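Peer 1: Next come the chains, spelled out residue by residue.
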Amino acid sequence: MTDTNGIEVLGLVREFKNGPRAVDGVDLAVAPGEIYGFLGPNGAGKSTAVLMLTTLLPPTAGTARVAGHDIVRDGPAVRAAIGAALQEAALDPLLTGRDHMRLQTTLQGLPKAQRRPRGDELIERVGLADAGDRKVGGYSGGMKRRLDLALALVHSPRVLFLDEPTTGLDPSSRADLWQEVAHLARDDGVTVFLTTQYLEEADVLADRVGIIDHGRIVAEGTPEALKAQIGRPSVEAKPAERGDRDAVAAVLARFGAPVAASPGAAAVRLESGEDLVAVVRALDADGVRVADLQLHQPSLDDVFLAKTGRKLEAGADAPASEEAWSASAGPGSQEPAQVRGTGA
Amino acid sequence: MSLLAQGAEMARRSVLQTLRQPAMVIPPIGFPLILMAVNAGGLESATRLPGFPTDDYLNFVIAFPFIQGSLFAAINAGSSLARDVETGFLKRLALTPMQRAAMLLGNLAGVMTVALLSSCIYLGVGFAAGLHFEAGAGGVLVLLALALLIALAFASLGALIGLRTGSGEAVQGIFPLLFVLVFLSSSALPRELIERDWFRTIATINPVSYLFEGLRSLVIFGWDGEALALGFGVALAIAVLGVLGAASALRTRLVRT
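Chains as they are written, first to last, in our numbering: chain A, 57 to 400; chain B, 514 to 770.
To be clear, the hints were calculated from the coordinates, so they are not data collected in a lab. The structure presented is a predicted model; accordingly, all values stated were derived computationally and were not measured. Keep in mind that the hints are not guaranteed to be accurate.
Here are the computed lysine to any residue pairs in the SDA-like style, where the Cα-Cα straight-line distance is at most 25 Å [said to hold, decoys possible]: (1) A:K168 to B:A752; (2) A:K73 to B:T600; (3) A:K191 to B:I539; (4) A:K73 to B:A658; (5) A:K191 to B:A518; (6) A:K191 to B:V538; (7) A:K191 to B:M537; (8) A:K191 to B:I751; (9) A:K191 to B:Q685; (10) A:K168 to B:L529; (11) A:K191 to B:S680; (12) A:K168 to B:A521; (13) A:K191 to B:T600; (14) A:K363 to B:A650; (15) A:K73 to B:D568; (16) A:K73 to B:S680; (17) A:K168 to B:L516; (18) A:K168 to B:M537; (19) A:K168 to B:G681; (20) A:K73 to A:V128; (21) A:K191 to B:S761; (22) A:K168 to B:P535; (23) A:K191 to B:A559; (24) A:K363 to B:P540; (25) A:K168 to B:R596; (26) A:K168 to B:S761; (27) A:K191 to B:A524; (28) A:K191 to B:A622; (29) A:K191 to B:T770; (30) A:K73 to B:P535; (31) A:K73 to B:S761; (32) A:K363 to A:L66; (33) A:K191 to B:Q534; (34) A:K73 to B:T678; (35) A:K168 to A:G183.
Take a look, some chain A residues computed to stay more than 10 Å from chain B by CB distance [unchecked claim]: (36) A136; (37) T278; (38) V333.
Even for Gly, the Cβ is constructed at its ideal location relative to N, Cα and C.
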């Protein structure tokens, strides 16, 4: 993939001293202009992979080429071709937004006459024109992320790495950032490698998704293709009384094969032709009261669940125990059909 | 882009960082002057000791603010670099074509710019209070040069600790240690007039004594080659060790292929 804007990774490994392999033989290819979503839970190896691809961490084994340059042998050429906004918005709280732009444009070697206009253009583009002369220490999380993105774009990179760019942002700031990232890829042809632990982010933004767990890619494809692998929707019911979980599970078992569920709930993958109404009738007929009933269309979380046996958004290592009942998180599917307090 | 241009931009950032934190500007200028005033007033009688080299304690104690100001330079340099490690700003810099040396050069140059400003204020206040400068105008310039070298020496030690630990708290933690070194030196009395043997021995071993004596020699004696050679030599040795150590720590911190 020489002289392109893509990314090509073969058998990439990173082993830390006395620790497990953070990245354990990753193979992937990102086409020029594509948005690639690298989806996985905390500690899956996403950030370690990004640090290696941005030349800030040498790999233990394997090779990777970014924008046609080898990440080990041609570090400076890789850095010249890429922009990166790493996991924490790395900003100096004592400098203003414009101070940051001045520093970045200078260090990136832009000609003197272009520095100020380029800085102003990007500050404007990310909506910080009014806040540009304020110290960054007073910025909100969303403003910091937007400035971080602007700084990564100073030298017009061909490949952009965004490491969990929307973590901690409110929905509105998140949507703004998605819009900007989509604009960069669609209109400017920038290749975007985006890590995230948010299913929705990967689903909405990414052309293709690689799901990583314990340092290995467990599934890869377009969000639609990945969800199509799962096929049918699932139904999940949580009884109103804790002791009724087995009764709920028995009723649901008539409609399909059991799948993992939220703590205290039971769930099945529906056989074709079944619908939620039939499930409600069956629960009612058996006199089982449920507090929560949801129909999930297949989601990337289901893909993750199918590949790893764990749910992504509920926390990869969260125990599915009765103790977790009161604090149980909602299922991770997109736009579930939901019925609360059904049953006799 | 040249190392100098990169270093200049980083120095600008360092100066801005300092000027935007009143706590980094007022104490390095105010505290040394307050301590100088207290000592000049309270220890005036020391000038009546046989063998005391001057009859005005101000001429003796004027060296103190330069050394104390250098300790603040160490804290400023170290805290700034530790903050860059803590916030991940160092990684941002690593992704640019910036040379490692530019970062250290810029940080130290910025701190020394502030040290130069402080030194001019110390001298201005000293002259306003009646300081007699034996070495004349040329001596003032040499004193400023030595003061800057001392500031560089301490700042590079601060940078070394800031980069090695990546912790602002660790950098702050060295301040009391440095202060002990200052007080266990010839800061308040000439070494030969220190009565206690153990104190005199420690003050003789303590390199900080030679920094004081180098600065003081220009004010009290005029041109004392030995004192100046020792002052510049010790400051240069600390600066070389500090800069090499900080450069090595930066190499470890700022990894890139």
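Peer 1: Does A658 (chain B) sit within 25 Å of K73 (chain A), going by the straight-line distance between their CA atoms?
Peer 2: violated (47 Å)
Peer 1: Does R596 (chain B) lie within 25 Å of K168 (chain A) when you go C-alpha to C-alpha?
Peer 2: violated (28 Å)
Peer 1: Are K191 (chain A) and I751 (chain B) close enough, with their CA atoms no more than 25 Å apart?
Peer 2: violated (35 Å)
Peer 1: Decide if the proposed pair is consistent with the structure: K168 (chain A) and G681 (chain B), CA atoms, cutoff 25 Å inclusive.
Peer 2: violated (34 Å)
Peer 1: Hinted pair, alpha-carbon criterion (25 Å max): K191 (chain A), V538 (chain B). Please report holds or violated.
Peer 2: holds (18 Å)
Peer 1: Would you mind confirming whether the straight-line C-alpha gap from K191 (chain A) to S680 (chain B) stays at or under 25 Å?
Peer 2: Holds, because 22 Å separates the two Cα atoms, which is no more than 25 Å.
Peer 1: Given the proposed pairing of K73 (chain A) with T678 (chain B), does the C-alpha separation stay at or below 25 Å?
Peer 2: Given pair K73 (chain A), T678 (chain B) holds - Cα atoms ~19 Å apart, limit 25 Å.
Peer 1: Measuring Cβ to Cβ, find out whether T278 (chain A) lies farther than 10 Å from everything in chain B.
Peer 2: holds (30 Å)
Peer 1: Take the C-alpha atoms of K168 (chain A) and G183 (chain A), compute the straight-line distance between them, and say whether it is at most 25 Å.
Peer 2: holds (24 Å)
Peer 1: Can you confirm whether the C-alpha distance between K168 (chain A) and A521 (chain B) stays at or below 25 Å?
Peer 2: The given pair, whose Cα atoms are some 14 Å apart, holds under the 25 Å limit.
Peer 1: Check the hint pairing K73 (chain A) with S761 (chain B) against an upper bound of 25 Å on the C-alpha distance.
Peer 2: holds (21 Å)
Peer 1: Regarding the assertion that A136 (chain A) does not contact chain B, is the least Cβ-Cβ distance greater than 10 Å?
Peer 2: violated (7 Å)
Of the numbered hints listed earlier, those contradicted by the structure are 1, 4, 8, 14, 15, 18, 19, 21, 22, 23, 24, 25, 26, 29, 30, 36.
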